[in-house]
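Starting from the known structure of chain A, arrange chain B on it as the hints suggest.
Number of protein chains: 2
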Amino acid sequence: MEIQIAVAKTNKYATSESGDTLEVVERPNGGVSIVLADGQTSGRGAKVISSMVVRKVISLLAEGVRDGAAARAASDQLYTERAGKVSATLNILSADLQTSTIVITRNNRSPVFIAQGDRIECLSSESSPIGNSRNVRPSISEVPLESRTTVVMYTDGITNAGDRYGDNFDLCTLLESLLDEQEPGAQQIADALLSQAMRLDQNRPNDDMSVVVLRVMQRTVDLVRRMTVTLPVGPASTD
Amino acid sequence: MEIQIAVAKTNKYATSESGDTLEVVERPNGGVSIVLADGQTSGRGAKVISSMVVRKVISLLAEGVRDGAAARAASDQLYTERAGKVSATLNILSADLQTSTIVITRNNRSPVFIAQGDRIECLSSESSPIGNSRNVRPSISEVPLESRTTVVMYTDGITNAGDRYGDNFDLCTLLESLLDEQEPGAQQIADALLSQAMRLDQNRPNDDMSVVVLRVMQRTVDLVRRMTVTLPVGPASTD
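Keeping their order, the protein sequence lines are chains A and B. The opening residue of the first sequence carries number 0 in numbering that gives the first Met the number 0; numbering runs sequentially from there. The opening residue of the second sequence carries number 0 in numbering that gives the first Met the number 0; numbering runs sequentially from there.
Only chain A is shown next, with the shape it has when bound in the complex (with noise of 0.2 Å):
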């Protein structure tokens, strides 16, 4: 099997930084775990908290804590230093290899998909941000490490793309779309999410914009860990 999990993100329209924050961290015990949060507002407020979280989470998830109890940390963290005024989504998204299971924890309203042979799965349960209270607890599924498995989680960028116009993003469709197709990677669906989000946003996105895609392949080409960063510097240009 090969584990192939892809990134695509952009910030909001005329906005250098963005406030989502996204950051992968080898498991302790095998495996990888992604983290992505949001923070309320955006730009370098937004930024500075969802650093704050995902840094907390990282580092509590690379000591082999668990990613429920590293999400209720990042939760009380915030909620301290904040006094409760501030908050952020968090996803963690994570291939567990001691377990064989993929697991999703999931403070943040926009739900996450998954995808396992023909039935796409939609996890929309209530699920509130944290740092607002002392009791908030992530919603956490689990499903197995198999082959054919799709994740993908997103932040509200996403969700809310189009509503400006009056358009709203049906992601369940279109995902549907690209995994009739023979064998996307995990980055050919992230970019085609996020730019189909991009044009419902008229190309200037109303907020920041991160999609993470987990696919679990069935083939193992050879035992080469790969990553590739790719990260724009200046304006976009075509020369």
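Hint data in this document are derived by calculation from the structure and do not stem from the laboratory. For every residue, glycine included, the Cβ atom is placed at its ideal position computed from N, Cα and C. A couple of the hints might just be wrong.
[What the hints assert, rightly or not] Which chain B residues face chain A? A few, computed with CB under 8 Å, are given here: (1) 2; (2) 50; (3) 95; (4) 138; (5) 142; (6) 228; (7) 233.
[To be verified] Quick list of the computed label-pair ranges, beta carbon to beta carbon: (8) 183/A x 183/B: 17 to 27 Å; (9) 98/A x 13/B: 19 to 29 Å; (10) 183/B x 187/A: 17 to 27 Å.
Frame of chain A, contents of chain B only:
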């Protein structure tokens, strides 16, 4: 401009756990850092050491601590925790958007290559691993963050590839020929360097091997940040 970072990483033959640890972290003032450590020996013991070192460094970098100070802190921590008996190599490669420079921090006998324009420079000044003494200083180099720059860093599994068979790895010549091609991507270079190293060890790597390639490309296609991680699970197969 676009910054591309690529990693290719494999374990010592017949070892399930790599002693090399690598993490990527966003810099709080803009940019990204890659932290690579190789713990003494291989397998579980080496992994514990290298993760401890990398965790220390990334948590300091995420708080805005400078690279050199983070490397010294990790050295002092390792020296204190293991009473000077265990060493690790450490490399930090940062694309710092605040200073518009690439900062290379080395506590590693393996060299780092920097290609700018037609010139390939090899940073191979004496530089000792961390953890063995109290006064370890990293060797730090800084080059402008400009397009057509390529930086390659790696662990000693790559440096020593082929040693067992009386061969040696002329990485500089291979890198030169790769860069002569039409704009090779960072992942393409990392993959080519790793597979040549594996070939020299007759596809049974004699040690954990990790290669990191950072490239600065002239063009910016769009304002989307991307990340892809691929993680093989279980034995390689071709179905």
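These are the hints, each one checked on the structure:
no., hint, result
1, 2, "holds (4 Å)"
2, 50, "holds (7 Å)"
3, 95, "violated (11 Å)"
4, 138, "violated (25 Å)"
5, 142, "violated (15 Å)"
6, 228, "holds (4 Å)"
7, 233, "holds (6 Å)"
8, 183/A x 183/B: 17 to 27 Å, "holds (25 Å)"
9, 98/A x 13/B: 19 to 29 Å, "holds (24 Å)"
10, 183/B x 187/A: 17 to 27 Å, "holds (21 Å)"
Checked against the numbered hints above, the structure violates hints 3, 4, 5; every other hint is satisfied.
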